[in-house]
Amino acid sequence: MFETYLPVFLMIGVASAVALGMFLATTLAGPKKPSPEKNLPYESGSNTTGANHIRLSVKFYLTAILFVVFDIEAVFLYPWGGMFRDLGWFGFVEMLLFLVILGVTLVYAWKKGALEWEK
Amino acid sequence: MGTANFVLFGVCAFFALAGAVTTVAAQRPLRAAVALLVNIISLAGLYLTLSAHLLAAIQLLVYAGAVVVLFIFVIMLIGPAAEVKGKGEGLPGRTLAIAIMTMVTGTIAFSLVDAAGNWLALRSNPDFGTVEALGAELYSRALVPFEIVSITLLVAIVGAVAIARHRTEGEITEAKAVHAKAVEVREEAKAEAEAAAKATA
Amino acid sequence: MNAWIAISPLLLLVGGGLLVMLVDAFTKERNDLATVTAATLFLSAGVSLFALLSGKDPVDVPEVFGAFLATDRLGLFFDVAIGLGGGLSALLAGGYLREHGLERGEFYVLVIFSAFGAMVLARATDMLTLFVGLETMSLGVYALAGFRRGSPRSIEGALKYFLLGSFAAAILLFGSALIYAATTHTDFAGIGATVAAGDADIKLLLMGLLLVLVGLAFKVSAVPFHMWTPDVYEGAPTPATTFMSVVVKAAAFAVFVRVVITAFGDDLSASSAGGWPPILAGLAVVTMVYGNLAAVGQTSIKRMLAYSSIAHAGYLLVGMAAASVVGEKAISAVLFYLMAYTVSNVLAFGSLILMGSRGREAVSFDDLAGVGRRHPLAALPMVIGVLTLMGFPPTAGFFGKYYVFSAAVEAGGGFVWLAILGVLASAIGAFYYLRVIVAMFMKDPVPGEPVAVPMRSGSVTAALVISGLLVMDMGLMPGSMLDLAIAAAEQLFAG
Chain A
-11 MFETYLPVFL
-1 MIGVASAVAL
9 GMFLATTLAG
19 PKKPSPEKNL
29 PYESGSNTTG
39 ANHIRLSVKF
49 YLTAILFVVF
59 DIEAVFLYPW
69 GGMFRDLGWF
79 GFVEMLLFLV
89 ILGVTLVYAW
99 KKGALEWEK
Chain B
21 MGTANFVLFG
31 VCAFFALAGA
41 VTTVAAQRPL
51 RAAVALLVNI
61 ISLAGLYLTL
71 SAHLLAAIQL
81 LVYAGAVVVL
91 FIFVIMLIGP
101 AAEVKGKGEG
111 LPGRTLAIAI
121 MTMVTGTIAF
131 SLVDAAGNWL
141 ALRSNPDFGT
151 VEALGAELYS
161 RALVPFEIVS
171 ITLLVAIVGA
181 VAIARHRTEG
191 EITEAKAVHA
201 KAVEVREEAK
211 AEAEAAAKAT
221 A
Chain C
2 MNAWIAISPL
12 LLLVGGGLLV
22 MLVDAFTKER
32 NDLATVTAAT
42 LFLSAGVSLF
52 ALLSGKDPVD
62 VPEVFGAFLA
72 TDRLGLFFDV
82 AIGLGGGLSA
92 LLAGGYLREH
102 GLERGEFYVL
112 VIFSAFGAMV
122 LARATDMLTL
132 FVGLETMSLG
142 VYALAGFRRG
152 SPRSIEGALK
162 YFLLGSFAAA
172 ILLFGSALIY
182 AATTHTDFAG
192 IGATVAAGDA
202 DIKLLLMGLL
212 LVLVGLAFKV
222 SAVPFHMWTP
232 DVYEGAPTPA
242 TTFMSVVVKA
252 AAFAVFVRVV
262 ITAFGDDLSA
272 SSAGGWPPIL
282 AGLAVVTMVY
292 GNLAAVGQTS
302 IKRMLAYSSI
312 AHAGYLLVGM
322 AAASVVGEKA
332 ISAVLFYLMA
342 YTVSNVLAFG
352 SLILMGSRGR
362 EAVSFDDLAG
372 VGRRHPLAAL
382 PMVIGVLTLM
392 GFPPTAGFFG
402 KYYVFSAAVE
412 AGGGFVWLAI
422 LGVLASAIGA
432 FYYLRVIVAM
442 FMKDPVPGEP
452 VAVPMRSGSV
462 TAALVISGLL
472 VMDMGLMPGS
482 MLDLAIAAAE
492 QLFAG
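Protein chains in written order, with our numbering: chain A, -11 to 107; chain B, 21 to 221; chain C, 2 to 496.
Read the hints as simulated data drawn from the structure, not as lab findings.
A portion of the hints provided could be inaccurate.
Estimated spans, in silico, between C-beta atoms of each pair [unchecked claim]:
{"no.": "1", "chain 1": "C", "residue 1": "Leu165", "chain 2": "A", "residue 2": "Ala13", "range": "45 to 51 Å"}
{"no.": "2", "chain 1": "C", "residue 1": "Ser167", "chain 2": "B", "residue 2": "Arg161", "range": "24 to 30 Å"}
{"no.": "3", "chain 1": "B", "residue 1": "Gly113", "chain 2": "A", "residue 2": "Glu(-9)", "range": "48 to 54 Å"}
{"no.": "4", "chain 1": "B", "residue 1": "Ala202", "chain 2": "A", "residue 2": "Phe11", "range": "56 to 62 Å"}
Think about it this way: if two alpha-carbon atoms lie no more than 30 Å apart in a straight line, the pair counts; the simulated DSSO-like pairs of lysine-lysine are [what the hints assert, rightly or not]:
{"no.": "5", "chain 1": "C", "residue 1": "Lys444", "chain 2": "A", "residue 2": "Lys47"}
{"no.": "6", "chain 1": "B", "residue 1": "Lys201", "chain 2": "B", "residue 2": "Lys218"}
{"no.": "7", "chain 1": "C", "residue 1": "Lys29", "chain 2": "A", "residue 2": "Lys99"}
{"no.": "8", "chain 1": "B", "residue 1": "Lys201", "chain 2": "C", "residue 2": "Lys29"}
{"no.": "9", "chain 1": "A", "residue 1": "Lys47", "chain 2": "C", "residue 2": "Lys161"}
{"no.": "10", "chain 1": "A", "residue 1": "Lys47", "chain 2": "A", "residue 2": "Lys99"}
{"no.": "11", "chain 1": "C", "residue 1": "Lys303", "chain 2": "C", "residue 2": "Lys444"}
{"no.": "12", "chain 1": "B", "residue 1": "Lys196", "chain 2": "B", "residue 2": "Lys210"}
{"no.": "13", "chain 1": "B", "residue 1": "Lys201", "chain 2": "A", "residue 2": "Lys47"}
{"no.": "14", "chain 1": "C", "residue 1": "Lys161", "chain 2": "C", "residue 2": "Lys303"}
{"no.": "15", "chain 1": "A", "residue 1": "Lys47", "chain 2": "B", "residue 2": "Lys218"}
Partial list, computed: chain B residues near chain A (C-beta under 8 Å) [said to hold, decoys possible]:
{"no.": "16", "residue": "Ala72"}
{"no.": "17", "residue": "Leu75"}
{"no.": "18", "residue": "Ile78"}
{"no.": "19", "residue": "Leu80"}
{"no.": "20", "residue": "Val87"}
{"no.": "21", "residue": "Val88"}
{"no.": "22", "residue": "Leu158"}
{"no.": "23", "residue": "Tyr159"}
{"no.": "24", "residue": "Leu163"}
{"no.": "25", "residue": "Ala202"}
{"no.": "26", "residue": "Glu208"}
{"no.": "27", "residue": "Ala211"}
Predicted model, so just to flag it, every value in this text is computed and none were measured.
Glycine included, C-beta positions come from ideal geometry on N, C-alpha and C.
Please model the complete structure; the sequences and the hints are all you need to start from.
This is the structure:
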């Protein structure tokens, strides 16, 4: 089990080591001369205004939830793809039904304007 | 269980627990969301130790990739109001909750340890949890629940459209009335506070 | 009978639901959506009723259905209850949403597919279908509860319901995972067989059972898992409240029956000393007492009906607990009660909808003051509605209570005390139900306050006429419905 994923774990280990190492190196090696201006949060060079929290529009939520749902739909396609030949026509029809139902849902969301940004 | 597996389990279990505790304890919702991300990724590692390959991949794709993003969107949607601190339960409430939780968790933990042999035997099959094995189960035996899931997803989208899309004229009138009332209450409170300030001065 | 006929109520709902979605998406005029939705749901109920009355059972059920969805009479019986309750709620919505300017097509789509989820839940024979069905139903109902977006109460109720509901679903899921760990089965029959053979890990199994019961008790709003009910029922648009109180309750009790009888019907889990009967009996006691006492002090009728729905869950739990001794009799009583409760509750909530019009929704007892004298015809359904909820003969509610309590008496032992307590609790119930009638006929409206003006709507009237006739029919001739319930219960215990 562990051996199968050894490359993945090596990758994770190296990536974290590099990232942490960079932080550590700059903290240790870089000169530090703090001033009030330098400690301000950086906002494209201009002075910061307001709180760091802004309220996002509810449109983002709708887009995000559509993404999550269709993401889940896509996830169901992976094991199906892996089994496609063994399942044959039966599996094809089965997945077709699944996709048709979600297709109607997509059309519905589209016609209801859930995919429109301006409005 | 081999040593390497055991180490993987230990590391993942530690981060899963740490992430979970931080999620619950964090004051700022955004930090809680990131702690949840740690928890979710560690759970994917735990699934690997159980040979549930596909589940681990889905955990990363859907939960770490999409669901946490959705959480962060919602936190941003609520805006600064998400950071208002609640008063929380009083001491008796907390004690009761902790007592019940300890009892339930304790019982479950003890019975799980007792029964471990019983269900560990289930995954003696080396193919358990691979993409093919899961696909075969899902698309031939569990065909009915799979098709019903499409309806579940449909309801989720229609529900989201219902609560997040345009308002009808009746709703707008109602919302306006509510808003007007809120403004009125706020104005009154302000006037009262001013009057009180004048009185003390 | 072909197995497809037994499953056709579900397929009809999917087909009708997709049709409603397309109509809603592609047309601007959406006047007929309520009718189409109600027709689909009634058709589905009608097909199930036809299959039930034909008296034949499906043959050669394909393996894929058999393992996950029941094709038995119990399933068909609940299809009738859910189709009927859902269809009547859709008719009510047709009048209510237009009157209050809330008309949006999503409502009907959600009603159809939530009813679909409820039917799946009622037919679930596996923890997998149980959970998927439960989520399909609940997701739709959460959105329905928050449908009235301009009203903070509606949003607050929906949020509470959603958070607590997801929590309860998680507990239920955890419980089924523990049951799986204890028995290595997720299907109810397999769980039952493993436990009966003595192969299950008992501690783990009971822990799992306890958590599953908590999840289900939340859905049927049994005390102490009822906290969400009053706020959600009050905040939601009234047709959504109706839908919740009839469809969700019926489906949750259906799966409750299946879980305790099929998966935990063995001698150990169903013994009066341990297992579920004492748990359910305890839940029944606190639910009946609390629901009725809390309903007394309410000023809002919607809230009063919410507590009354908690109290009714208590009476039903009496029947469930008695099922450990007198199985068939108690379960058939529970089934009859649910059908009676469905039509009675539609009648009560429907009359409340009828009493109000735009900007003057009837909510509290004061709103109804004197309505009975000003509009006697509009007050009639409300009178019948509260009488049947109270259990006054000759209405459907009377026989529901009668069958449940007589099953408990027949079970003997401690169950007799449950029945006595149930009768006493119903007596308290009479007080707050009669207050509605007193308010309508003997009170005068407070001068200067807005008075309720009944609305005019064909579809609301149709829903009231249908449910009123059914209430009286089941009250005057309870035999035919009881026979269906008995047949369903017999098959459950035989198979």
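Each hint tested on the structure:
1. C:Leu165 <-> A:Ala13: 45 to 51 Å: Cβ of Leu165 (chain C) to Cβ of Ala13 (chain A): about 50 Å, so the range 45 to 51 Å holds.
2. C:Ser167 <-> B:Arg161: 24 to 30 Å: holds, 28 Å
3. B:Gly113 <-> A:Glu(-9): 48 to 54 Å: holds, 49 Å
4. B:Ala202 <-> A:Phe11: 56 to 62 Å: violated, 47 Å
5. C:Lys444 <-> A:Lys47: violated, 49 Å
6. B:Lys201 <-> B:Lys218: holds, 26 Å
7. C:Lys29 <-> A:Lys99: holds, 11 Å
8. B:Lys201 <-> C:Lys29: Distance ~34 Å between Lys201 (chain B) and Lys29 (chain C) Cα, so the pair is violated.
9. A:Lys47 <-> C:Lys161: holds, 23 Å
10. A:Lys47 <-> A:Lys99: holds, 16 Å
11. C:Lys303 <-> C:Lys444: The hint holds at about 19 Å.
12. B:Lys196 <-> B:Lys210: The hint holds at about 21 Å.
13. B:Lys201 <-> A:Lys47: Since the Cα atoms of Lys201 (chain B) and Lys47 (chain A) sit roughly 27 Å apart, the hinted pair holds (cutoff 30 Å).
14. C:Lys161 <-> C:Lys303: holds, 17 Å
15. A:Lys47 <-> B:Lys218: violated, 45 Å
16. Ala72: violated, 11 Å
17. Leu75: Violated, because the Cβ-Cβ distance from Leu75 (chain B) to chain A comes to roughly 10 Å (cut-off 8 Å).
18. Ile78: Because about 5 Å separates Ile78 (chain B) from the closest Cβ in chain A, which is inside the 8 Å limit, the hint holds.
19. Leu80: violated, 11 Å
20. Val87: holds, 6 Å
21. Val88: violated, 10 Å
22. Leu158: holds, 6 Å
23. Tyr159: Nearest chain A Cβ about 5 Å off; hint holds.
24. Leu163: It holds, given that the least Cβ distance between Leu163 (chain B) and chain A is near 6 Å, below 8 Å.
25. Ala202: Constraint on Ala202 (chain B) not satisfied, violated at 17 Å.
26. Glu208: violated, 26 Å
27. Ala211: violated, 27 Å
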